[in-house]
Amino acid sequence: MSVYLLFALTVLPLVCTPGPDMLFIFSQVMAKGVKAGFMATLGVCMGYMVHSVLVALGIAAILVSFPMLFETIRWLGIAYLLYLAFSLFRAVFNSKSLHVPKASAGSPIAKGFLTSLLNPKGMLIYFAILPQFMRNAENTVTQGLILSSIFIGLCLVVYSGLSIVIAKITANAQLDAQKQKWVDAGSGGLLMLAASWLIAN
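The opening position of the sequence shown corresponds to residue 1 in this note's numbering, with each subsequent residue numbered one higher.
Hints may be right or wrong, so weigh each one.
[What the hints assert, rightly or not] Each pair of labels, with its calculated beta carbon distance range: (1) R135 x M46: 21 to 31 Å; (2) V53 x E138: 26 to 36 Å; (3) A79 x V53: 42 to 52 Å; (4) S2 x K168: 26 to 36 Å; (5) P13 x L57: 24 to 34 Å.
Keep in mind that the hints were calculated from the coordinates and are not lab data. Here a beta-carbon is modelled for each residue, glycine too, at the ideal position from N, C-alpha and C.
Using the sequences provided together with the hints, build the complete structure.
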């Protein structure tokens, strides 16, 4: 079996396991629709591209060597998710009319980027799993980037597909002001769950 196919089969269950990235994307689909889900997915994948470059350069080893730095990044990620959640909860209590933030159509990309970039668990997954599929006889940087591309590609396919499914499930619900508040509350709850997942792990 090709080492790259074996790697894909190994990380696919990790991609499909609910975590902060998936919960964040779900919250965006619920609040703004499938397009926001695609954009959030793109942002998450861009964050993982940064992780892959850092791992290829060996910077992940620095994070492992300095636990305080790792913890700082981890809590920054938690704080960012909590900030997004409380922003949605604030909209639930303050907004008296239907509020669908179409003007900030590009924001899911930036939010998704920060969500995955500030998630050190993703980097440690790279650091722990990728070396197992590398061969010393070949260029390790090239191998690392190829394996990272496979992982990011799987994230893109899985998260985009899930965005379509969630959007179809919620498509028939006509949003009025009251329902929008429920959507904002549900989205905020998902982000709170993602933050709790990071705290617990």
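| Out of the numbered hints, which ones does the structure contradict? | 2 and 3
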